[in-house]
Amino acid sequence: MTVRSRNGHENVETYTAVDDRTIKIKLKEAFAPYMVSWQKTSIIPKHILADVADINTAPFNTSPIGTGPFKFANRVAGSEIEFEPNAKYHGGAPKLSKLIQKFVPDQQTLYAQFQTGEVDIYDTQGIPPLLYEKAKKLAGSKTMLSPSPFVEFIYFNCGKPQFQDKRVRKAIYMAIDKKAWIDSVYYGVPIPTLSFLPSNHWAYNKALVDPGFNPAKAAALLEEAGWKAASDGVRAKDGVRLAFTMSTTAGNKSRELAQQVVQQNLKKVNIEMTIKNMPASVVWGDYCVKSEYDTLMVGWDALLYPDPDYGDRIKSNAIPAKGGNGSNYVQYENKEIDELCAKGVNVVDQAERKKIYDRIQEILLDDMPFAPIFAYQVIIGIKDRIGGYAVNPYTPINSWNTADWTAS
Amino acid sequence: MRRFILHRLLQAAILLIGVSIIGFALMHLAPGGPLAVYTLNPTVTSQDIERVKVLFGLDQPVYVQYLKWARGLLTGHWGFSFFGGQEVRVIVLERLPATFLLMGSSMMLALVVGVSIGVLAAVRRGSGFDYATAIMAMIALSLPTFWFGLLAIFTFAQTLGWFPAGGIASATDAGLLDRLWHLVLPMSVLAFVLVAQWSRYTRSAMIEILSQDYIRTARAKGLASGTVLLNHALRAALAPLITLAGLQLPLLVGGALVTETVFSWPGMGLLFINALNTRDYPILMAILMVGAVVVVLGNLLADILVALVDPRVKLHG
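As they're listed, the protein sequences go chains D and U. Remember, our numbering sits 30 above the position in the first sequence when you count from 1. Remember, our numbering sits 217 above the position in the second sequence when you count from 1.
To be clear, the hints were calculated from the coordinates, so they are not data collected in a lab. Predicted, not measured: the structure shown is a model, and the values here were computed from it. Where hints are given, some of them may not hold.
As the list claims (entries may be wrong) - Not everything, but these chain D residues come out facing chain U in the computed CB check (under 7 Å):
1. Ala107
2. Gln138
3. Val312
4. Gly315
5. Cys318
6. Val319
7. Pro350
What the hints assert, rightly or not - The list that follows gives simulated cross-link-like pairs (lysine-lysine, DSBU-like), each with its CA atoms no further than 30 Å apart:
8. U/Lys438 / D/Lys320
9. U/Lys531 / D/Lys76
10. D/Lys164 / D/Lys209
11. D/Lys306 / U/Lys531
12. D/Lys297 / D/Lys365
13. D/Lys413 / D/Lys385
14. D/Lys258 / D/Lys209
15. D/Lys196 / D/Lys172
16. D/Lys190 / U/Lys270
17. D/Lys352 / U/Lys531
18. U/Lys285 / D/Lys70
19. D/Lys320 / U/Lys270
Glycine residues also receive a C-beta, built at the ideal position from the N, C-alpha and C atoms.
The following block holds chain D by itself, in its conformation from the complex (with noise of 0.2 Å):
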């Protein structure tokens, strides 16, 4: 069997075969998050691969076989892989008699290849947000929105001197024109958060209160908590300077777009923020892990999601800088933070979760160890002659109906 994620599998007691096609799993201590772990699992073929010596070079990894709707046909190497219909699927035979996935490395391109009816569905990244307007006007596609579980934030590294009070997070936060951002880069398409949850999800705590973009308040904070202007027109405290870089994926027009205009936002509230991007290898490596970054531009979900368990990302025994297992680059450190998460994962009715993560992003939002802005939605394209496609928040892959999908 291959899972989503290990999470929740070392906490298995026992699993009992009950008969033929149940299998009962017994858990040392409850965890929620435990039936999302199962998702995306795929049945490992006993009969192929039990007597394979190294798995690592098994035919079945070029020429799988699972359970799935469509069956593996065919692969060109860097260009696309073919499936044809597996008539014994269970859940009914699929309407397709071929289904082709295609890689296509340049979003223009793809996009004229959409256009020109050589792509019949434009999915994963989705249609740039610049071209939104433009695909919603050509003929024969219709476009849909995807709502991501991805969550953009500027993370803040609290292990800085200039960030250790959580006052200048969230000045910070004021100071930043979040409506800008979204209409200006992204062309109104993702929906604004304040959370590391999207607002549509059932455990979005929806009492929480934006405090709203005003560069005069977050102006007022940073004189209250010390951070006065220097001659340098930049405000300093105990000879820290409030400046830092911010750092993302070199290459992401739309980040560099909207790191311009925090800059901007940030220059008028006497900070000063310099852009410093890299390679995807250089700065999600031992930079962001490790938390040598001041702050980064970055877009995630919860390590389960749809399960709304944030631990790995803010429980003080998640920092790798401080040899701990886990995601919080953040360096976030809080007692009642780490109970919530304890306790949110161990308790297994859905109204009662909803109050734990509830005050989870109550005092995050207060502390602001990461500036949540908006969680992302894919633009998908669609001709006109494909039918049975739908988009579902539950699962991060929209290929999970194909069996329904139509062509004429």
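Keeping the supplied structure of chain D fixed, place chain U upon it in accordance with the hints.
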């Protein structure tokens, strides 16, 4: 001649070892690494990343990693891709045909068109044709390829609908005609730049030779101007052109990074770009070494051919 070749091969072996050491060291010394890709995946925890690090042998000193890699290469094991886990030799061999097709066809096209333009421009030096082709060559050499490629897609695929917008074959029909139809745009975009190089080289080589005494003698003997041009002049101009061909030979396996990306052409260039973005060291090293071998062989081949066509050149070991 044999001594010359042996000597050059020995030199080449030392050179290749040097290239591999420098390449390997630079790749590993550069900040960042292949594991960063996993950070962006929320279901991968920092323990998982540590485990993968040990699994890939990335926790060992660089020289140990190099020796392991070098021993593997010499015994025919090029290692496994960090992403996808396939054997590197298989991945590279899968991609070579696509690059051969694209680069081979555009180089052939460029050779025929470029040399023809070059000869004509040299013969009609200072004419309107000479100036027009010179300007075209300047434009071709200074255009950014990605922009030119996108422009070609926009014009001939999106607007006119004459050719497909990238890819190597249609999903529904991958016959010979369909493949040629897909080849036209990327081949032309690449050939456009190569034609510029070939025509400029040919023109300058021809101009130099046409002013030589023996050409004047041949003309004075009353030989037809076509015969003089092809039998006497062009043959003498071959030497610099062969050298250029030798220099371009690595393109045949290296592919075109930008053009392959823009046209989603599944060749070596696209493989290299993807491997570079993910720091897939085994693939990068394989491409580096294949490229280095072809550079060395291409130059050696060019030197030998020049000696064969030009009796004035002597090869010394």
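Now the hints, each set against the structure:
The interface hint given for D/Ala107 holds, since its Cβ lies 4 Å from the closest Cβ of chain U, which is under the 7 Å cut-off. Residue-level restraint check for D/Gln138 holds (minimum Cβ-Cβ distance to chain U is 5 Å; threshold 7 Å). The interface hint given for D/Val312 is met, as the beta carbon of that residue sits about 3 Å from the closest beta carbon of chain U, less than 7 Å. Look at D/Gly315: its Cβ gets to within about 4 Å of chain U, closer than 7 Å, so that hint holds up.
Taking 7 Å as the C-beta contact cut-off toward chain U, the hint placing D/Cys318 at the interface holds, the least distance being around 6 Å. Against a cut-off of 7 Å between C-beta atoms, the interface hint on D/Val319 holds, since the closest Cβ of chain U lies about 6 Å away. Residue-level restraint check for D/Pro350 holds (minimum Cβ-Cβ distance to chain U is 5 Å; threshold 7 Å). With a C-alpha separation of about 81 Å, the suggested pair U/Lys438 and D/Lys320 falls outside the 30 Å cut-off, and the hint is violated.
Restraint check for U/Lys531 and D/Lys76: not satisfied, since their Cα atoms lie roughly 66 Å apart, outside the 30 Å limit. Of the pairs offered as hints, the one joining D/Lys164 and D/Lys209 holds, with about 22 Å between alpha carbons and a cut-off of 30 Å not exceeded. Among the hinted pairs, D/Lys306 with U/Lys531 is inconsistent with the structure: their alpha-carbon atoms are about 55 Å apart, more than 30 Å. Of the supplied pair hints, the one linking D/Lys297 and D/Lys365 is violated, its CA atoms being roughly 34 Å apart against a limit of 30 Å.
Between D/Lys413 and D/Lys385 the alpha-carbon distance is near 43 Å, which puts this suggested pair outside the 30 Å criterion. Proposed proximity of D/Lys258 and D/Lys209 is supported: the alpha carbons are some 27 Å apart, at most 30 Å. For the suggested pair D/Lys196 and D/Lys172, the alpha carbons sit about 45 Å apart, so the restraint of at most 30 Å is broken. Restraint check: the Cα-Cα separation between D/Lys190 and U/Lys270 comes to about 28 Å, which is no more than 30 Å; the hinted pair holds.
Proposed proximity of D/Lys352 and U/Lys531 is contradicted: the alpha carbons are some 68 Å apart, above 30 Å. Distance check on the hinted pair: U/Lys285 and D/Lys70 sit about 36 Å apart at the alpha-carbon level, beyond 30 Å; violated. Proposed proximity of D/Lys320 and U/Lys270 is supported: the alpha carbons are some 15 Å apart, at most 30 Å.
Comparing the model with each earlier hint shows violations of hints 8, 9, 11, 12, 13, 15, 17 and 18; every other hint is respected.
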